[in-house]
Amino acid sequence: MLPDSPSRRRLLQTMLAAAGGLALPSPRAAPGPAPLLTRAIPSSGERIPVIGLGSWITFNVGRDPQARAECREVMRQFFAGGGRTIDSSPMYGSAQDVIGEAVQALKPPTLFSADKVWISGGARGPGQIETSRKLWRVPRFDLLQVHNLLSWEEHLRTLQAMKKEGRLRYVGITTSEGRRHGEIEKIMASQSIDFVQISYNALDREVEQRILPLARERRIGVIVNRPFRQGDLTQALAGKPLPGWGPEIGCTTWAQALLKFIVSHPAITCAIPATSSVAHVRENLLAGTGRMPDEALRKRIAQDVERLA
Amino acid sequence: MSEWWTEWATYGLSDLLMFSQRSYYRMIALYNEAVWPAHLPALVAGLVVIGCVARPGPRTHCVAMLVLAAAWAWVAWAYHLQRYADINTAGPWFALAFGVQALLLCFMALRLHGAAPARMQKHVALSLSGLAVIGYPLLALGSGRGWGQAEVFGIAPDPTAIATLGVLLACRAHPVAWLIPLAWCAVSGATLMELRVGYAWLLPTFAILAAAAGLLFRHAGSSAAR
Chain A
1 MLPDSPSRRR LLQTMLAAAG GLALPSPRAA PGPAPLLTRA IPSSGERIPV
51 IGLGSWITFN VGRDPQARAE CREVMRQFFA GGGRTIDSSP MYGSAQDVIG
101 EAVQALKPPT LFSADKVWIS GGARGPGQIE TSRKLWRVPR FDLLQVHNLL
151 SWEEHLRTLQ AMKKEGRLRY VGITTSEGRR HGEIEKIMAS QSIDFVQISY
201 NALDREVEQR ILPLARERRI GVIVNRPFRQ GDLTQALAGK PLPGWGPEIG
251 CTTWAQALLK FIVSHPAITC AIPATSSVAH VRENLLAGTG RMPDEALRKR
301 IAQDVERLA
Chain B
1 MSEWWTEWAT YGLSDLLMFS QRSYYRMIAL YNEAVWPAHL PALVAGLVVI
51 GCVARPGPRT HCVAMLVLAA AWAWVAWAYH LQRYADINTA GPWFALAFGV
101 QALLLCFMAL RLHGAAPARM QKHVALSLSG LAVIGYPLLA LGSGRGWGQA
151 EVFGIAPDPT AIATLGVLLA CRAHPVAWLI PLAWCAVSGA TLMELRVGYA
201 WLLPTFAILA AAAGLLFRHA GSSAAR
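Heads up: the sequence lines are chains A and B, in that order. First residue of the first sequence: 1, per the working numbering; consecutive thereafter. First residue of the second sequence: 1, per the working numbering; consecutive thereafter.
The hints are simulated quantities; they were obtained by calculation from the structure and are not laboratory data. Remember, it's a predicted structure, so these values are computed and weren't measured experimentally. Honestly, I wouldn't trust all of these hints.
Beta-carbon label-pair distances, calculated as ranges [to be verified]: (1) 186(A) / 16(B): 18 to 28 Å; (2) 176(B) / 66(A): 36 to 46 Å; (3) 120(B) / 185(A): 57 to 67 Å; (4) 308(A) / 120(B): 44 to 54 Å; (5) 279(A) / 119(B): 57 to 67 Å; (6) 36(B) / 106(A): 29 to 39 Å; (7) 186(B) / 208(A): 35 to 45 Å; (8) 189(A) / 138(B): 56 to 66 Å; (9) 66(A) / 37(B): 16 to 26 Å; (10) 37(B) / 238(A): 41 to 51 Å.
The beta carbon of each residue, even a glycine, is placed where N, CA and C say it ideally should be.
Kindly produce the complete structure, drawing on both the sequences and the hints.
Listed below in structure tokens is the structure:
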């Protein structure tokens, strides 16, 4: 457990910030039972919690009222636990509308809305963005990303113009499952962007070679998708006991260990595990609290996951 | 357009699956609830199709084709456009394909030459139609999901496609009429496999069986002539 006294909290905050840019939020900003660690967005210094919420597959529940209510409860628990960043895309079926319905009901004051533009041709981008905004029921997005680099040059121009006009706070690009990393690097090196979203986990570590160092060099925030390889990783590790290092970093489950492995990398701003389970969202948020693995332990986690998964 | 195709080429099968098994079957359950009791006339229509396959002839073929055309049109609108499109962005495209197939079946109903199937073709056709109309809804029970999630001929796309393959085989229909039902069996089979549904292999197996029977007995004499 983390200490509660303000002086110890400040000391710990300073130590963590010095170690890797992580910090504890002020008690007022963290309504949940455990304080969620935050990390600064490199381009602005604004801090966001290291654990976000993805919506791929899990929030695409169509018009099913029961499933929509469950998603709303997941979001309620997420915000109650100090979470802020929710990520979606026009590619995710009904997910945007499901999120929007919950946003309308919960009115979360701390929401950090991250969506994407995913349409061929720059001229159709603004229309899709407006449709997405209406589905989310938000006055504006915090972050818009060019999804999988589709028509990225035209869309980036649109997003940069929106940011300049104050209609958007951050601009980013995304990829997943190792697609088009060469192009991602070129854009990171040549364009002014605030975020890059990539897939990264204890097994898929290619981004450690070039993309993550480049993100630090260019002061670009990194959002991590598919931290559990869409559930395959946690499923492969199910039933296998957590090695001795688990309790050392406050982990009781593999999911927490996998998330801690990701968010303890100094270049990572936040991970966005997707879930439709209240128990899992709580579990995921706990991974953003307490002690994080150091570099030596991160290597050991990766080795153990490779061996056991 | 080329950029769009380049984009799609980077996706694997698992990237295109945008919903969970639970969402898929919940969607079917809610759809069934909304259209009930349409299942009853659909079941009667399915039995009519089986009867037509059992008694091959110009008139029965025409009736079977018209029943199937109505089923494909209904599934296009009520299932793909009104329901599946909620969780699958390709839903409207599937609706379009099913609409085209409905038109093709109408056209074929008017243009049938009345060729009777070979004996083996007829048996395979009857088996496919019977499995689609009577067997397929039972899969929901067999896999522990209950009647609420049953997939019924004329209501759901999978049994409708299988029954259609049976009729096309019995009618010795033009290969063009086979394209969309076979493509649907491939698409839906792949979807069920990605969803890790136990009976996902059924649809592709039926499609291969029907296509093989159609090709193998293409030049065989009709059962009526024997």
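Now the hints, each set against the structure:
no.	hint	in the structure
1	186(A) / 16(B): 18 to 28 Å	holds (27 Å)
2	176(B) / 66(A): 36 to 46 Å	holds (43 Å)
3	120(B) / 185(A): 57 to 67 Å	holds (60 Å)
4	308(A) / 120(B): 44 to 54 Å	holds (52 Å)
5	279(A) / 119(B): 57 to 67 Å	holds (58 Å)
6	36(B) / 106(A): 29 to 39 Å	holds (34 Å)
7	186(B) / 208(A): 35 to 45 Å	holds (38 Å)
8	189(A) / 138(B): 56 to 66 Å	holds (59 Å)
9	66(A) / 37(B): 16 to 26 Å	holds (23 Å)
10	37(B) / 238(A): 41 to 51 Å	holds (43 Å)
This entry satisfies every hint, going by the numbered hints stated previously.
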